[in-house]
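Enquirer: Spelled out, the chains give:
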Amino acid sequence: MSADSTPTNPNASTSKETANPAVDGSELIRFDKVTKRFGSNTVLDELDFKVDSGKHVTLIGPSGSGKTTILRLLMTLMKPDEGTIKVGDAYLTHEDRGGKLVPAGDKHIREVRKNIGMVFQQFNLFPNMKVLRNITEAPVHVLGLSKDEAEERARELLDLVGLGDRGDAYPTQLSGGQQQRVAIARALAMRPQVLLLDEVTSALDPELVAGVLDVLRDLAHSTDITMLCVTHEMNFARDISDQVLMFDSGRIIESGSPEKMFGDPDHERTREFLSAVL
Amino acid sequence: MSDITPGLWELLLKGLWVTFQLTVYSAALGAAVALVIGLARTHRLWIVRFLSGTYFEIFRGTSALVFMFLVFFALPIAFGWQLVPMWAAVLAMGLTYGAYGSEIVRGAVAAVAPAQREAGIALSFTPAQSMRKVVLPQAWPEMIPPLNNLLIELLKGTALVSVLGVGDISFGAQLVRNATGQSAPVYTVILVMYFVLAFVLTRGMRVLERQAKAGIGQAPPKRRKLSLRQTKDLATSGGTGGAA
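Top line first, the protein sequences correspond to chains G and R.
Be aware that the first sequence starts at 1, since it is given in the numbering used here, and climbs by one per residue.
Be aware that the second sequence starts at 279, since it is given in the numbering used here, and climbs by one per residue.
If you're looking for bench data, these hints aren't it; they were derived computationally from the structure.
Treat the hints loosely; a few may be bogus.
[Stated by the list, open to error] Just some of the chain G residues that point at chain R, by a computed CB distance under 10 Å:
(1) Met75
(2) Leu77
(3) Met118
(4) Phe120
(5) Leu125
(6) Asn128
(7) Met129
(8) Leu132
(9) Tyr170
(10) Ala189
[As the list claims (entries may be wrong)] Each computed BS3-like pair below joins lysine-lysine, with the alpha-carbon atoms no more than 27 Å apart:
(11) G:Lys147 / R:Lys491
(12) G:Lys107 / G:Lys33
(13) G:Lys100 / G:Lys86
(14) G:Lys130 / G:Lys100
(15) G:Lys50 / G:Lys107
(16) G:Lys50 / G:Lys86
(17) G:Lys55 / G:Lys86
(18) R:Lys411 / G:Lys79
(19) G:Lys130 / R:Lys491
(20) R:Lys411 / G:Lys114
(21) G:Lys130 / R:Lys411
(22) G:Lys130 / G:Lys147
(23) G:Lys260 / G:Lys50
(24) G:Lys33 / G:Lys86
(25) G:Lys147 / R:Lys411
(26) G:Lys100 / G:Lys114
(27) G:Lys114 / G:Lys50
(28) R:Lys411 / G:Lys107
(29) G:Lys79 / G:Lys114
(30) G:Lys33 / G:Lys114
(31) G:Lys55 / G:Lys260
[What the hints assert, rightly or not] Chain R stretches covered by chain G per the calculated footprint, using a threshold of three residues with CB under 8 Å from any CB of chain G:
(32) 394 to 401
(33) 408 to 421
(34) 488 to 496
Just so you know, even glycine gets a beta-carbon here, dropped at the ideal spot from N, CA and C.
With the rest of the complex left out, here is chain G (with noise of 0.2 Å):
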């Protein structure tokens, strides 16, 4: 689908709810020195980082300097070793019990994860349930919509990203690029205030990248969500972002709008960095 079809697309409302009801550009996500290692690697070292709501971050930076994991952190995939992290007023990594802050247990993460959605490089989309009903188990098993509604939502969301016609293949009969547009439609259906693209299209054929990227060029323009991207895509990343983390061995060396980051860098490790993927 091509980015001018979204405005008459009657879709785009739907999606705009997607995105929290209370979109002011008051801080969503806050991370307070949050130190994550794996064995004596040392993967994030006290980072503090916020993202305000509505906002679209993308985090840059050679591999292995922590951007996925900060959306693996965020998607409780895996706990912080220390520092804690906020989704709007509510801890991720720990409950308020009788006024004391203590490690969050199972049901407390799964509440404030609810707010937050993610898309995996490998798209991991059910191949056990047809498209449809990779839409719509969570919404019908999880917030608890009838299955009408959420048949409905899915839908909405798989013409919204141009396979309206393919709700009754199963996963393996469908293309990379359709698979991920699929797993983008299954994300938004349970209506996260966040949305975490994990290089969503590093496992792609070249000529399906396009594809997935107008539908989150559409999705970035035209709805309030939250977005974290972790990507090597520059050109998507100069197109959506409202602000850019440069990250390097665990640390953000720098940040700012596209037009600097990637204009003129202050830092010399982000020009080394841009000049060598651009």
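The hints should help you fit chain R onto chain G, whose structure is shown.
Expert: Relative to the frame of chain G, chain R by itself:
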């Protein structure tokens, strides 16, 4: 073979039916045990893993025959009641083969890509929902071929019950042998009987496997004939599964 009179044939056919029943009941119990123990052995609580692991080790490491004797002869002494030989046999076979099966369940569940569980987490499924909706349906097609092997082994293992006096095929064969005084004919007959049973069971499992693969979008093309070529198809279709 002409020495086997109609009466003796009837004995063998009754035995065939008993063996079939024994196999089905033991397999049903065994499947339930395999699922529960297999999943328990991947549980996040160590005590659950420990208890299920203990069960597994005990039943894998002991003999179904001895356990059958124990159930049949020792329980009455200990508790004052006795199981019908048939059910003593089903209990012993089901618990033992269930232990073997739990290893198949555990392995197949562990072989499901971790990324699938992560996708479940990203959609806020509970661990139980993730297991039921995502992991088990994908592990199931992988379990069927080794479970089929186990089922055939169970079928042949039911011959043990003749020592308790359950009238299965082997028990019938001994009676026929005593009556006719000849070993070769009757053992040839029951050899064929076991083979036919095993063949029927295998075909049934094939159908299950085909359905299970179709259920995860890996349906092999339908064939009228169930021939050797199928084996090749399964080998290749199994290889493409990883792409998802």
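Enquirer: Provide an ascending list of the numbers of those earlier hints which the structure does not satisfy.
Expert: 8 and 14
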